[in-house]
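**Student:** Here is how the chains run, residue by residue.
4 protein chains.
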Amino acid sequence: MIIVLKSGTSEADVADVERRIRAMGYTPHTIHGELRNVIGAIGDDRGKERLRALESLECVESVTPILQPFKLASREVKRASTQVLVGNAVVGGRDIVVMAGPCSVESRWQVLDVAHRVKAAGARVLRGGAFKPRTSPYAFQGLEEEGLKLLAEARRETGLPVITEVMEPDKVDVVAEHSDILQIGARNVQNFSLLRRVGEAGKPVLLKRGMSTSIQEWLLSAEYVLAGGNPNVILCERGIRTFETATRNTLDLSAVALAKRSTHLPVVVDPSHAAGRPDLVLPLSLAAAAAGADGLLVEVHARPEEALSDGAQALRPRELRDLMDRLDPVLGAVGRALWRPEGARRAALL
Amino acid sequence: MIIVLKSGTSEADVADVERRIRAMGYTPHTIHGELRNVIGAIGDDRGKERLRALESLECVESVTPILQPFKLASREVKRASTQVLVGNAVVGGRDIVVMAGPCSVESRWQVLDVAHRVKAAGARVLRGGAFKPRTSPYAFQGLEEEGLKLLAEARRETGLPVITEVMEPDKVDVVAEHSDILQIGARNVQNFSLLRRVGEAGKPVLLKRGMSTSIQEWLLSAEYVLAGGNPNVILCERGIRTFETATRNTLDLSAVALAKRSTHLPVVVDPSHAAGRPDLVLPLSLAAAAAGADGLLVEVHARPEEALSDGAQALRPRELRDLMDRLDPVLGAVGRALWRPEGARRAALL
Amino acid sequence: MIIVLKSGTSEADVADVERRIRAMGYTPHTIHGELRNVIGAIGDDRGKERLRALESLECVESVTPILQPFKLASREVKRASTQVLVGNAVVGGRDIVVMAGPCSVESRWQVLDVAHRVKAAGARVLRGGAFKPRTSPYAFQGLEEEGLKLLAEARRETGLPVITEVMEPDKVDVVAEHSDILQIGARNVQNFSLLRRVGEAGKPVLLKRGMSTSIQEWLLSAEYVLAGGNPNVILCERGIRTFETATRNTLDLSAVALAKRSTHLPVVVDPSHAAGRPDLVLPLSLAAAAAGADGLLVEVHARPEEALSDGAQALRPRELRDLMDRLDPVLGAVGRALWRPEGARRAALL
Amino acid sequence: MIIVLKSGTSEADVADVERRIRAMGYTPHTIHGELRNVIGAIGDDRGKERLRALESLECVESVTPILQPFKLASREVKRASTQVLVGNAVVGGRDIVVMAGPCSVESRWQVLDVAHRVKAAGARVLRGGAFKPRTSPYAFQGLEEEGLKLLAEARRETGLPVITEVMEPDKVDVVAEHSDILQIGARNVQNFSLLRRVGEAGKPVLLKRGMSTSIQEWLLSAEYVLAGGNPNVILCERGIRTFETATRNTLDLSAVALAKRSTHLPVVVDPSHAAGRPDLVLPLSLAAAAAGADGLLVEVHARPEEALSDGAQALRPRELRDLMDRLDPVLGAVGRALWRPEGARRAALL
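Residue numbers (our numbering), protein chains in the order written: chain F, 1 to 350; chain B, 1 to 350; chain D, 1 to 350; chain H, 1 to 350.
In short, the hints are calculated from the structure, not lab data.
Straight-line Cα separation of at most 27 Å, DSS-like style, residue types lysine-lysine; simulated pairs:
hint, chain 1, residue 1, chain 2, residue 2
1, D, Lys-260, F, Lys-6
2, F, Lys-6, D, Lys-71
3, F, Lys-203, F, Lys-149
4, B, Lys-71, H, Lys-6
5, B, Lys-6, H, Lys-71
With the sequences and hints as input, model every part of the structure.
**Tutor:** And the structure:
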């Protein structure tokens with residue numbers, strides 16, 4: 001922390017601040033500037049947050065952190081990239097994994113049908129919502145546990161691992177029972193009770209960035225899960241809220257590139273929620289792949305115009321197939337590939 | 001909903017869209033424009049969200065809602081302002097209520113001491129956090145249930161009703177047992193499981209606006225609580241996240257004035273979290289009162305420089321007293337007053 | 001500036017950075033931390049911007065300024081509040097000045113009529129646009145020099161000083177000839193050629209904050225005018241652009257309170273452009289007054305529904321009168337008053 | 001325009017609004033809804049802005065545009081993509097053009113040296129600032145006309161066309177004399193006097209998006225240039241201002257993909273100003289190429305750590321060469337290539 005004192009601060013005040021810093025367990029180091037004195041506080045970063053209270057002193061102008069406050073998520077602490085095993089696919093390795101499926105599970109027929117189609121198109125994980133966080137209480141809220149069972153059935157039928165959202169601590173067990181990745185939605189990125197609870201679950205967690213969550217806050221939310229004992233965290237950039245209304249959110253690919261540098265965790269991209277319209281999903285998917293994303297989370301619906309939620313942004317299955325075809329060469333250009341099961345890969349190489 | 005069709009759309013396509021609108025239970029009404037056709041869909045608003053899926057049709061350019069999607073929270077539905085009874089104070093009437101206290105309950109001594117001081121300064125509700133949503137897992141997380149008991153003790157000692165945050169559905173009962181208002185924090189404004197659960201609690205709910213929650217989304221979150229059967233919702237504006245970093249958040253007093261028009265619910269303001277620094281709490285409190293706020297939620301700590309959380313923004317008790325003194329004439333100027341218990345009021349009038 | 005080095009930086013690298021800091025004319029002061037070394041660079045702040053280039057060095061993690069970069073605008077440099085004389089009114093003193101009038105000058109009749117009406121309502125400066133910055137080239141662009149002459153005529157008829165916008169350096173002289181305050185619009189807040197030019201004009205300047213200009217950048221734009229030799233700068237907060245679309249912009253009253261602390265310049269508020277709707281102008285005006293604003297800039301049109309620009313946000317003259325009536329007691333409550341000419345003031349006191 | 005009336009509006013009021021719409025030259029078309037009446041106004045879009053004034057009527061709830069207000073920039077009006085000839089390169093065709101060079105021209109040696117290096121690395125246009133829009137009046141403001149002459153000399157020496165910024169109408173001629181593309185900076189995107197003036201210049205214009213300019217406003221600014229008679233407009237996305245501070249701005253690649261759909265103008269990307277740090281320039285450049293950008297504008301400095309402006313974000317010449325090497329296969333993957341002079345292209349094909 002850097003504590004900047006107001007101009008004209010007396011020596012006695014400087015000494016008082018230094019004393020308080022020591023009392024909190026840090027070592028003060030004072031720089032006497034031309035206009036102001038500045039004190040650096042040296043010591044264990046994780047508790048430094050408390051030093052901010054010094055801003056309340058009359059003589060203190062500001063208290064500014066200079067280090068990133070996350071540890072377990074940091075690449076400085078763990079250099080090697082984390083690889084998360086999902087079914088027989090790996091997220092965070094050389095190859096990228098496409099997760100696709102409908103926004104909501106609407107019926108048995110709908111989810112089984114679309115599961116087969118996204119698998120045929122090359123997706124390796126099935127996404128689908130059973131518990132839906134909807135802005136309005138009057139909107140479709142999901143099939144809940146019935147939806148989980150349908151997802152599990154689709155998994156059995158297709159062999160695709162399943163990712164689905166969990167919205168409250170009490171449901172973590174039942175969601176974990178029927179799925180392979182626990183998704184924490186953007187609205188719950190700072191639902192710390194939930195983060196602590198999935199930190200104890202034995203399943204990988206996909207943590208979406210919130211609509212107005214800074215990269216640092218997002219990584220601190222990941223830190224909650226890691227600190228809970230669960231190392232299998234996948235980050236997911238899905239667009240942030242800005243003044244621009246032409247797209248549902250503003251996809252922040254700088255955040256992807258930056259997160260890949262500052263953390264060892266895999267980072268995937270959800271172009272569907274970012275764009276909020278299907279025609280931008282292809283270019284944003286290619287851009288995400290070029291920027292270094294480790295995977296994509298794409299909404300696909302067999303009949304978007306009849307979807308019960310977010311139909312306006314879903315691809316049709318054939319559009320997903322086109323996307324995969326277009327993605328392949330871009331991945332090749334950056335030294336990566338679509339993840340394929342071992343057999344398929346061998347065949348592809350022949 | 002207004003459905004705008006692309007230019008050059010065929011009559012067959014128009015008929016197809018009209019058919020789909022009817023199939024969803026709405027009446028289409030088509031305007032033939034010079035460049036484009038536009039279809040209005042008439043019917044029950046609450047389900048109109050589904051119509052957005054029509055954006056997936058090739059011939060549809062956009063689907064735009066024209067009505068506000070909340071009902072129970074709307075002043076069109078209920079003209080009279082809702083008054084929420086808290087202890088013997090009323091929030092949402094002529095008089096305004098100041099709620100004050102520390103960010104966190106830190107110790108028995110700290111909370112009892114500050115409770116007496118904020119009461120002496122004129123606050124009518126004691127605020128204090130027992131469960132703390134902290135960005136970092138390494139920051140002080142609150143005394144939890146022990147903190148609730150200390151708040152309840154402070155209530156018994158001072159007679160002040162207590163407001164404290166609840167962060168997860170499972171804790172609603174225990175928090176309700178020890179407090180008078182259940183606070184939903186900014187990070188949980190779209191934690192719909194929690195909103196549904198407090199909708200069933202028999203206690204008033206104070207719903208903070210999220211950092212990037214639009215006014216409409218905020219009112220839809222209130223709608224979740226109202227639809228759950230709890231009419232006693234108090235809205236709280238606490239600043240939104242913008243590009244400006246000189247203040248912790250940007251206090252949006254337009255939202256207060258606007259919410260007072262579009263909803264019958266009381267609206268209070270938290271200037272402490274908005275500003276993030278104590279020297280702006282006074283001018284923002286006066287501004288909030290002038291803009292029509294029904295109350296204030298102010299952080300007060302006896303020794304901010306030693307606080308375990310958010311000390312940098314807390315007032316000292318004497319600063320709260322100054323604030324109350326300055327607030328009084330501004331309230332008088334807009335035809336309101338600080339809420340005072342009956343006896344005190346009579347005395348003040350003599 | 002605080003230069004944070006990466007962890008594991010060698011002593012040779014530290015010495016190299018120190019050498020570079022000295023070469024730019026600053027004195028390095030190094031703190032050896034547990035994880036990282038941090039160097040404070042001490043010296044004349046105004047050129048410190050150049051130190052940021054050190055971020056390009058492999059061993060440097062970040063370069064962070066700790067002081068505000070403006071000088072002439074700073075209250076640390078000039079403690080006494082600047083008072084700007086406009087006609088016989090003072091902006092920045094005890095009393096506040098209301099400037100009112102139409103968005104655009106549309107015709108001789110319109111501007112003379114509304115000038116008399118806003119004067120009767122108590123406004124002390126007439127606002128009106130002759131050169132209009134319009135988002136679309138197809139929108140009404142103003143009467144230009146003809147409009148300036150009509151404003152000058154209205155000034156002669158009513159005795160009200162005139163404020164009007166100047167959009168390009170070449171027009172500064174002609175606008176200054178016909179008006180009393182040169183307005184720099186939000187879109188030109190970083191049009192530095194224009195700022196330099198009005199710095200040489202002998203007329204007061206009202207500088208609107210840009211839609212996404214930080215408080216610091218806004219004050220640096222004021223610094224351009226002050227450094228050009230013109231001390232008569234009035235700042236004007238008019239709302240910033242955020243994600244919220246229910247209002248045209250988000251009025252940032254924290255910025256008003258903060259600017260009043262960090263600068264000696266007067267700060268006025270434009271509630272009309274902030275809200276974009278007339279029903280919020282009253283509460284936001286009262287809030288601005290309570291927050292410490294030195295004046296208001298209010299759009300008034302005799303027939304808003306027929307206005308050629310921004311009619312949707314204009315007050316009618318009688319609404320301005322109501323506003324003034326409501327403003328009076330709020331100003332009294334904060335120890336201020338509406339500015340009145342000497343005679344009127346004496347009468348008011350009797 | 002869609003005019004939504006308040007609930008409970010009388011037939012007389014509806015008739016009055018219809019009459020006013022007709023008086024402005026539009027045809028009203030009223031839909032009688034369950035809760036509200038809605039009127040569509042049909043007619044020439046370009047003047048529809050005026051209809052917004054109807055919001056001032058007591059009975060009108062809102063006035064909402066449904067069509068995009070730009071014409072000449074629209075792909076509906078001109079299907080074929082505009083190709084802008086710069087030297088012997090084409091911006092907006094199959095191949096993409098990299099423009100590179102220093103933020104500021106600092107000296108003869110610096111600009112000639114870097115010009116040769118960026119040419120060797122494969123850049124086809126030299127960028128460099130002579131007039132610099134600097135936030136602080138105390139920062140380096142550019143070499144001005146001397147800088148223009150140095151750029152012209154670098155052009156003669158290397159054969160590279162030159163792009164440089166023009167900041168005020170009076171300088172358009174002299175900047176046009178010494179350069180090949182007139183750059184309008186982000187801060188001047190709504191400097192309409194300047195836009196009109198470059199609309200009359202006989203040189204291509206590169207129009208940067210403003211920090212908080214919506215895509216629609218950006219295209220309306222382009223419309224000013226097009227309407228002035230200059231068809232050679234290149235759009236440049238350079239990041240928008242959001243709450244995220246880890247990067248200087250937030251690069252909005254959705255805007256690139258969207259602009260390519262809604263307009264026929266070429267769109268290039270400036271990853272340097274977006275990121276504000278050199279390590280993100282490579283991934284963002286690849287992402288921009290994958291998203292469909294027609295070119296890149298990259299800051300390059302031989303010694304970034306000594307640059308007089310924005311050194312912290314500049315690439316070194318060898319980093320530009322790496323970037324070009326990495327860009328090549330990504331462009332190939334999306335069916336494009338780096339633009340090369342005819343001879344070089346033939347050689348590359350052999």
